[in-house]
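> Sequence:
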Amino acid sequence: MPTMATEKSSVSLAEEIKIQANEAFKANKFSQAIDLYTQAIEINGENAVYWANRALAHTKLEEYGSAIQDASKAGYYRRGAAYLAMGKFKDALKDFQQVKRISPNDPDASKKLKECEKAVMKLKFEEAISVPTSEQHSVAESIDYRTIGTGTGSSYHSSQVTAAAVALVAVVMLVVGPIAATVVAFSTITTFLVVKFNNSGWTWWEDGSTPGFLTKSQVLNIDVEPQYTGARIDGDVVTLDFVKKMMDDFKNQKCLHKRYAFQIVLQTREILMALPSLVDINVPNEKHFTVCGDVHGQFFDLINIFELNGLPSDENPYLFNGDFVDRGSFSLEVILTLFAFKCMSPSAIHLARGNHESKSMNKIYGFEGEVRSKLSDKFVELFAEVFCYLPLAHVINHKIFVVHGGLFSTDGVKLSDIRAIDRFCEPPEEGLMCEILWSDPQPNPGRGPSKRGVGLSFGGDVTKRFLKDNNLDLVVRSHEVKDEGYEVEHDGKLITVFSAPNYCDQMGNKGAFIRFEAPTMEPKIVTFSAVPHPDVKPMAYASNFLRMFS
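Residue 1 is where the sequence shown starts when you use UniProt numbering, and the numbers rise one by one after that.
Think of the hints as simulated: they come from the structure by calculation, not from any bench. If you're wondering where the values come from, they're calculated on a predicted model, not measured in any experiment. Treat the hints loosely; a few may be bogus.
Pairs of lysine to any residue, SDA-like flavour, derived with a Cα cap of 20 Å [unchecked claim]: (1) Lys251 - Lys287; (2) Lys122 - Leu93; (3) Lys251 - Tyr228; (4) Lys287 - Leu308; (5) Lys414 - Asp280; (6) Lys510 - Leu308; (7) Lys493 - Glu480; (8) Lys94 - Gly65.
Turn these sequences into a full structure, and let the hints steer you where they fit.
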């Protein structure tokens, strides 16, 4: 039986380790902090502070599943924050309601509860006006970029405008009563109403300087003004000169005209639609191929990759392995650059879907807000649709399997199963598509729960069986920040590559990309450091409630 002196000594030791963990946390060494908090918990697991601090460190590494487990032992506050970061607003609301009950006079608790209530209210509104999947219409098919800016009127389908207006009137009647609904109904068929939920509540949506009711032509009849000096596309062909000019404009924080942004996104959609869910890539002998990991809106680091390794071309092809957007505040510049290269030469650049190419992630982590700020609400819908056409996986020279997240909860998955996935949807919460986007490797054999709360963790034995079953040699995946920009695991059978150095301006990690040369296809890993960027902080366009916890 431990003596009082022994117990006091253990408590003191745990406190000393917690102090070391706190210092590691302050230095953005979150993995080290987790290890130290774990040591403190093993000594004194009754101290809720240790659990709360470890939960926060897990959140910083986007390990929300582990954060929720720890926070459940630490209190409602941390768990609510973790639920918010995962987009589970209703679960978060329950926790913050409990926080408010426990601390009714705490202004911080009141503020976070209010933001959580707004998020849930917005979610309910969106659910109320949502259209069943079977009745949904393509946003892209309602837009013809060839008629935008020609002065011939809108290319937006009037039937969809009418349907949206009718649905909105019904919802307004339910929410705020018949008087407001009458005001909406008073608008003519040539106008429609868009409602936005911002920090202050419900407001009329604005495009430029025109608030309130917007005519259809105001939304999509976008003339290219004579004074516009930015990059221009001549006809239907996206050229290298255009892409270079556009990138130079982006470096100088100039915007691309909406007319050309529409064209790039819509042409990319046409290319992606024709691709299978698993794309086979052939690299001829004596040729090379480059695989990049997450970029996460770090446009200036993307430009640095091109300076180090050359621009994408048929002779210098790339695969960008998902998570192009979110967190970094130049996500629009990143995605338009990658899409423009895809339009210029489809074989010069290949694009895979990541877990952040989804509505739920974009709504929380900044891309939706950035697109709305720099372009318009219509582009938010358009990007969400086009992201659903991105392939899920690639196989290079029949030997290298490239996927954003990882492998599967069951053995026996064949490449044919991946080709058969119907990917034209938002990512589900389970199944092959979910696991492709969310799973992570683990050092131990077998399978385990995901530290993210979605997907799973898989060991080296799982990797080796998958490779053997499909006659493959190597798995390349991304999805996780690594100190050196990469990590080789599972006895050399799996490589993680991450291409966003100094992730979120705080992690201090390097970035990396992998070059393969045929016929050997041996991986050559190149690492690089972050480069300076304009003074726009990461997460500048993220949801308010997420910034409160950052």
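> Between the alpha carbons of Lys122 and Leu93, is the straight-line distance 20 Å or under?
Holds: Lys122 and Leu93 sit about 13 Å apart, inside 20 Å.
> Has the given pair, Lys251 with Tyr228, been kept, meaning a C-alpha gap of at most 20 Å?
Given pair Lys251, Tyr228 holds - Cα atoms ~17 Å apart, limit 20 Å.
> Holds or violated: are the alpha carbons of Lys493 and Glu480 at most 20 Å from each other?
holds (17 Å)
> Checking one constraint from the list: CA of Lys94 to CA of Gly65, max 20 Å. Satisfied?
With Cα atoms ~17 Å apart, Lys94 and Gly65 stay inside 20 Å; holds.
> Mind checking the alpha carbons of Lys251 and Lys287 for me, to see if they're no more than 20 Å apart?
violated (31 Å)
> Holds or violated: Lys287 with Leu308, Cα cutoff 20 Å?
The given pair, whose Cα atoms are some 18 Å apart, holds under the 20 Å limit.
> Taking only the CA atoms, is the gap from Lys414 to Asp280 under or equal to 20 Å?
holds (14 Å)
> For a C-alpha distance cap of 20 Å, please report whether Lys510 and Leu308 respect it.
The hint holds at about 14 Å.
In this structure, the one hint that does not hold is number 1.
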